[in-house]
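Protein chains: 2
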Amino acid sequence: MTADASHAAQEAPRTVLSVDAMGGDRGPAAVVAGIARSAAKNPEIAFILHGPEKELTKLVKRRKVLAGRCEIRDADEVVTMDAKPSQVMRKGKNTSMWSAIEAVRNGDATVCVSCGNTGALMALSMVRLRKLPGVNRPAIACLWPSRNPQGFNVMLDVGADIRADQHDLLQYAMMGASYARNGLHLPRPRIGLLNVGTEEHKGRAELKAAHDLIEEAAKTNDYDFVGFVEGGDIPSNKVDVIVTDGFTGNVALKTAEGTASLISELLRAAFKFSPLSRIAALLALTSLRRLRKRIDPRRVNGGVFLGLNGTVVKSHGSADATGVSSAVKLAFQLAQSGFAERLAARVASTPTQRQDDETFHSESSGQK
Amino acid sequence: MTADASHAAQEAPRTVLSVDAMGGDRGPAAVVAGIARSAAKNPEIAFILHGPEKELTKLVKRRKVLAGRCEIRDADEVVTMDAKPSQVMRKGKNTSMWSAIEAVRNGDATVCVSCGNTGALMALSMVRLRKLPGVNRPAIACLWPSRNPQGFNVMLDVGADIRADQHDLLQYAMMGASYARNGLHLPRPRIGLLNVGTEEHKGRAELKAAHDLIEEAAKTNDYDFVGFVEGGDIPSNKVDVIVTDGFTGNVALKTAEGTASLISELLRAAFKFSPLSRIAALLALTSLRRLRKRIDPRRVNGGVFLGLNGTVVKSHGSADATGVSSAVKLAFQLAQSGFAERLAARVASTPTQRQDDETFHSESSGQK
Chain A
1 MTADASHAAQ EAPRTVLSVD AMGGDRGPAA VVAGIARSAA KNPEIAFILH GPEKELTKLV
61 KRRKVLAGRC EIRDADEVVT MDAKPSQVMR KGKNTSMWSA IEAVRNGDAT VCVSCGNTGA
121 LMALSMVRLR KLPGVNRPAI ACLWPSRNPQ GFNVMLDVGA DIRADQHDLL QYAMMGASYA
181 RNGLHLPRPR IGLLNVGTEE HKGRAELKAA HDLIEEAAKT NDYDFVGFVE GGDIPSNKVD
241 VIVTDGFTGN VALKTAEGTA SLISELLRAA FKFSPLSRIA ALLALTSLRR LRKRIDPRRV
301 NGGVFLGLNG TVVKSHGSAD ATGVSSAVKL AFQLAQSGFA ERLAARVAST PTQRQDDETF
361 HSESSGQK
Chain B
1 MTADASHAAQ EAPRTVLSVD AMGGDRGPAA VVAGIARSAA KNPEIAFILH GPEKELTKLV
61 KRRKVLAGRC EIRDADEVVT MDAKPSQVMR KGKNTSMWSA IEAVRNGDAT VCVSCGNTGA
121 LMALSMVRLR KLPGVNRPAI ACLWPSRNPQ GFNVMLDVGA DIRADQHDLL QYAMMGASYA
181 RNGLHLPRPR IGLLNVGTEE HKGRAELKAA HDLIEEAAKT NDYDFVGFVE GGDIPSNKVD
241 VIVTDGFTGN VALKTAEGTA SLISELLRAA FKFSPLSRIA ALLALTSLRR LRKRIDPRRV
301 NGGVFLGLNG TVVKSHGSAD ATGVSSAVKL AFQLAQSGFA ERLAARVAST PTQRQDDETF
361 HSESSGQK
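Heads up: the sequence lines are chains A and B, in that order. FYI, the numbering for the first sequence is 1 to 368, going by full-length UniProt numbering. FYI, the numbering for the second sequence is 1 to 368, going by full-length UniProt numbering.
Think of the hints as simulated: they come from the structure by calculation, not from any bench. All clues given are correct.
The list treats identical chains as one, so a pair stands whether inside a single copy or across any two.
27 Å max Cα-Cα, derived DSSO-like pairs, lysine-lysine:
1. K84 <-> K131
2. K41 <-> K58
3. K329 <-> K61
4. K202 <-> K131
5. K202 <-> K93
6. K329 <-> K58
7. K202 <-> K91
8. K329 <-> K131
9. K208 <-> K91
Working from the sequences, and respecting the hints, build out all of it.
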């Protein structure tokens, strides 16, 4: 069974995305509103939506733009935000999250999108889609507003795994570079390794080891290694891909979001302070909207799971229609670029499997 | 020799701060401009300034407000930003940083302020001032703009040590609570432990262990433990003190600063975009200045080293006159509150020295 066959197929073949309707903080209504918004903007997308059939049918019927473009697959159970990944793996077969991943596994859809529990989504994705050959720890990559010409950096891992040794960090560099090449159209991305200082002697032992591995691998791969970068460099034009472990990356991501949200709150308050500033705010409305669009976390919503046989986009748990639509847009772009296949080819050709082979360095430099 | 004796002493005794004039990115001119600004605002401060005598004498002479309030101690050498702490400890006796710490060690000054190399400053402070009895790893605490009534949270460690086990994290909680009580006047601060999720099963093993230790110690100490907090909670009104290891804390701090600086850059650009928005910016000038003052990292400049026999304030390496003046203000407040003595008393009474004593829990709960 292919996804196309299950659709009305009144037009050219569409890119099918598998969307978990449940598990987000705002429930299925926000998810359906989000995919409807994407459907209205982009006639090439179709959806398979997973969750309780009765409820979803009602929600989808209200959106005319989804008619004939949204198959519903019934799944009674929901993975809650506090569910333990291990339990979901054992008992989660009837959940909407499981069903959404299964559609990618079966080839019915190209990319899966979910707002649910990150740990459970990663655990299920690993078990059902399996890791790419040669990948030890998959990672979650996110896009980060930056001073780059392309307007975004890629940062990974932002929360797939709280651990990462030097070999994992090298793989993150490879996977992040591949994402930057295919997702941001950068033929030769600049890679930086996140640390507490840019001097080479600083930081943890595994970071020093990773520094040398990533530098060495740069000789035979299409990226430049800029060395250690600090938290303040993340939004800079020094670097396109920032590599770190999932604990640090997750804290950094949420800290940046928290900072942006505090500032925008203070900004609103500043503009309400006096009658004069209220007038100013009115005049500046367009400028402020433009800025808001640029830094709004909802508009860069969507972490991508890298290192699996299939692509999974994790949207924020608190995503509203705008957030869901932004995650869908990212999923569509990755599906279109054939990213999963390219990443698989790149990882298969990296030296990470041979990490203990002492002869590797001389071999690979001989191939230059 | 006391500091008062070495001054003109034309007035009531002043609080003497020891200031390292060298090692900052902007050189001694910025430091002298900063202390002059503080001197103009606060007649109760006097300074001992450390660095090359000839250069400093020239700079100080130009500031009339410093006349009779700034002793200069000659030190020829400078700790550079890329100096290794171990080398500074062995060969740094003639540096301005060493001299600045020595003045606190001798009792000539109450608090030391430096913009220099953080690692070297911490290493020298540990060797010369020594750790408080019962403290394993000293920490750097910073103030973080937040939605709290007091406008700031305390976060530690933001970079003294890249490692911290559960016992260190418990001590950070104690020290951070003491800082919040004395520096922010919060009789019962709320403490949170930084993690990648608020669920109790998440995160690294040492974080789970620290969670239980800090929760247990809350019973007999004057703080409330709110459990795990995430990066987004740092500027929230959920918590007054955020505890984390120095690697994570440093990345979070620099990431937040980088985010704030990106946003303010984009805000400036937004207001220059069209003639209308330029007019708006003019009208909103006061509001924007107020906001800028609130989130300007220079105005919350100054990390405090906690856990030593004496207080050291680390200013940003890139601090300008405003930044230095802000660090001096913090140093003055801490000197006035008798913070060092209070912290020492608090740490001495905590159960952390008895961390391996299994009978501790029943004993302390018996005393409740």
